[in-house]
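Visitor: The chain contents come next:
Protein chains: 2
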Amino acid sequence: MDSEMVKGRLKKLNKLMKKSGIDALVLTVAENVSFFTGFNGHDSWAIIKGTKVTLVTDSRYTEQAQKECLCCKIVQQDKGIAKATGEILNKLDSVKIVGVENRSSMQMFRTLKKHTKARVKASDSLAEKVRREKDSKEQLCISKAAKIAWKALDKALEQLRIGITESEWTGIVELEIRKLNSVISFDTIIAFGANGSLPHYQPGNRKLKKNDYILIDFGAKYKGYHSDLTRCFAVGKPSAFYRKAYDTVYRAQQEAVKNVRAGVKLSDLDSIARKVIADASLPVYGHGTGHGVGLEIHEAPMISKSSKDKLRAGDVVTIEPGIYMPGKLGIRIEDDVLVTETGCRVLSKDDKFGFSVPGLQTLIIT
Amino acid sequence: MDSEMVKGRLKKLNKLMKKSGIDALVLTVAENVSFFTGFNGHDSWAIIKGTKVTLVTDSRYTEQAQKECLCCKIVQQDKGIAKATGEILNKLDSVKIVGVENRSSMQMFRTLKKHTKARVKASDSLAEKVRREKDSKEQLCISKAAKIAWKALDKALEQLRIGITESEWTGIVELEIRKLNSVISFDTIIAFGANGSLPHYQPGNRKLKKNDYILIDFGAKYKGYHSDLTRCFAVGKPSAFYRKAYDTVYRAQQEAVKNVRAGVKLSDLDSIARKVIADASLPVYGHGTGHGVGLEIHEAPMISKSSKDKLRAGDVVTIEPGIYMPGKLGIRIEDDVLVTETGCRVLSKDDKFGFSVPGLQTLIIT
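Here the protein sequences come in this chain order: Y and A. Sequential numbering from 1 applies to the first sequence in our numbering. Sequential numbering from 1 applies to the second sequence in our numbering.
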């Protein structure tokens, strides 16, 4: 991370800090720490005071931090991170009010408070606000993260065979991601047949049958940025009902994508996708229609009926409606989409492997 | 999870709740929720009021919860979990003081507080206290989790070749774990050569050489319980210095294991392992000597110099001293050990594959 980039990010954060009336901010969320320091490890915090950034870490990560964090001071602590951070804050000039991210645990917050002379208060998601608008480099990272995932899926599909378990095929998909020197975005969901009706299914020992259905919800990471993708396949000849349901989900997703544009109400976008499914007299999904994706797999904004906000240019969101019928089927289609002033760009569009073509892909496995 | 088991666990928890002066307890930590409900999903909370348990979840998990949670009431919410939990608490009889786990975020705590009529306070790790003593079924799960890991490692070693990247071999280890219908315990650490000096290394595209060193820190899960294991191998002929360092780490680990027994001070046990390394004039590791392992990969007790507590019968802990010399080498040996009144039992002992034999294993790869 070059120093100009850090400066730009800090400038935005400092502005929000000033507005919140805090003199220093303690970042405890790993992705926020990473965004402002370049550090990719865990269990480390960052103290922001104007343009000065201090990374508080421990001996497990010191060597890594020295390689990754070129623009900040690194402090190795061994007395507990909250206590150590409190003591560092005490040595900083003119810090009267300290903000601590409100996603920190109560426990950490209280320990920090105990060891800090300044007034400590829980702070709203300031770093997340800066992170929400993705610049062109970040957009490219998400797009590359999607490309890696598609490439891995293509390779993994070649290794699909009747009788393979969900669990083993999950391992194969993940190995293909590893071969591309990447890592998974989140716990891969691979569900055969009716198992797809559990939106957060954990792959098990269900075996693939001759006539079957596959749902895969997965992603890869590139430079810390996530892709989050879902596709469904039919093995052999799909039933007419499955095909109808699939086409409905596809239309719902396309309708939502078509309506993505800066200024659109998140709750309106959510309704647009749901309406397509309701109009087909099929059961409407219980989860949201999508969520922001970036350094975190789920981040602002959330596309749901209770969202009060609007889409903004620079948001990258998933669009992922579904149909779930327990014991029967589960279908979801998901892409990652960049919001622009005039519409959107599908960052996860795939020209090479055909995973973005309309219509249900059926696999013939011999 | 049978109802007798849940009853026994609740009895212990209720006792601690009474001592803390709380009428109901909100569990927000996934592993605590799982321990008292049997639910293995995420983003769900449990309300404990005497022997009554309520799982608060959302539509993504309702079907799964219905299958997994036979002893508790399931509530599907769609208004935000903290708000929903607050409203459920308001309907319970004689709840004047509610405890919320202090590992919950500030944000969640405040939202819950806002929507609850009762007094809400942050509660110390009560559920973790009940979880600390592992019963025989839990011990067996950890032991099985270790067996799965060893079996996978054995298979993965057969697929090792000169030129393979850390990342690809990591994928192979993880695929072998998947083939056994299990999942990884945590992000697998596989480091070739000097990369082992970073205790929390992330596998990259470093290729295996003809004369090289491998560090693998990994584990598998069985029924939610983790194994956490580290081994080092030499590829080709190791240097005399590496061999000396390896033998020192091995002696440190064995010396610590020999001294594990209920009643031993955690800080003393920590010193015992460190002393072996210091006496050999080699650099002493910065991390702790071990940690509890169970439903979480890191749980109580922590074996470190600052620990105030003692080992107790029923604790399952890792013993994992190491030597780290940046740019030169990194060695760690780790097993999972059950503490008994008279000593310990190494749950991760492996008779079949020879990963527990003394002395450095050297691999001849053709």
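Hints were generated in silico from the structure; no laboratory data involved. Keep in mind that the hints are not guaranteed to be accurate.
[Stated by the list, open to error] Derived PhoX-like pairs (lysine-lysine); straight-line CA-CA distance at most 25 Å: (1) K79(A) - K18(A); (2) K67(Y) - K209(A); (3) K79(A) - K79(Y); (4) K258(A) - K275(Y); (5) K15(A) - K117(Y); (6) K79(A) - K83(Y); (7) K121(Y) - K223(A); (8) K209(A) - K305(Y); (9) K114(Y) - K209(A); (10) K155(A) - K179(Y); (11) K129(Y) - K223(A); (12) K79(A) - K113(A); (13) K275(Y) - K207(Y); (14) K7(Y) - K79(Y); (15) K121(Y) - K209(A); (16) K207(Y) - K223(A).
Visitor: Would you mind marking each hint as holding or not holding in the structure?
Guide: Each hint, compared with the structure:
For the given pair, K79(A) sits about 31 Å from K18(A) by alpha-carbon distance, which is inconsistent with the 25 Å threshold. With a C-alpha separation of about 23 Å, the suggested pair K67(Y) and K209(A) falls inside the 25 Å cut-off, and the hint holds. Under the criterion of a C-alpha separation no larger than 25 Å, the hint pairing K79(A) with K79(Y) is inconsistent with the structure, at around 40 Å. Under the criterion of a C-alpha separation no larger than 25 Å, the hint pairing K258(A) with K275(Y) is inconsistent with the structure, at around 66 Å.
Taking the CA atoms of K15(A) and K117(Y), the gap is about 37 Å. The hint is violated against a cut of 25 Å. Among the hinted pairs, K79(A) with K83(Y) is inconsistent with the structure: their alpha-carbon atoms are about 36 Å apart, more than 25 Å. Distance restraint check for K121(Y) and K223(A): the Cα-Cα separation of roughly 40 Å exceeds the 25 Å cut-off, and the hinted pair is therefore not satisfied. At roughly 55 Å between alpha-carbon atoms, K209(A) and K305(Y) are farther apart than 25 Å, so this suggested pair is violated.
Between K114(Y) and K209(A) the CA atoms are separated by roughly 51 Å; this puts the pair beyond 25 Å, and the hint is violated. Between K155(A) and K179(Y) the alpha-carbon distance is near 18 Å, which keeps this suggested pair within the 25 Å criterion. Simply put, K129(Y) and K223(A) have alpha-carbon atoms about 39 Å apart, too far for the 25 Å limit, and the pair is violated. In summary, the hint linking K79(A) to K113(A) is supported, as the alpha carbons are separated by about 15 Å, within the 25 Å threshold.
About 35 Å separates the Cα atoms of K275(Y) and K207(Y), which puts this hinted pair outside 25 Å; it is violated. For the proposed pair K7(Y) and K79(Y), the alpha carbon gap of about 31 Å is over 25 Å, so the pair is violated. This hinted pair does not check out: K121(Y) and K209(A) have alpha carbons roughly 52 Å apart, beyond 25 Å. Note on K207(Y) and K223(A): the hinted pairing holds, with a Cα-Cα distance of about 20 Å set against a maximum of 25 Å.
Figure legend: structure checked against the earlier numbered hints; hints not met, in rising order: 1, 3, 4, 5, 6, 7, 8, 9, 11, 13, 14 and 15.
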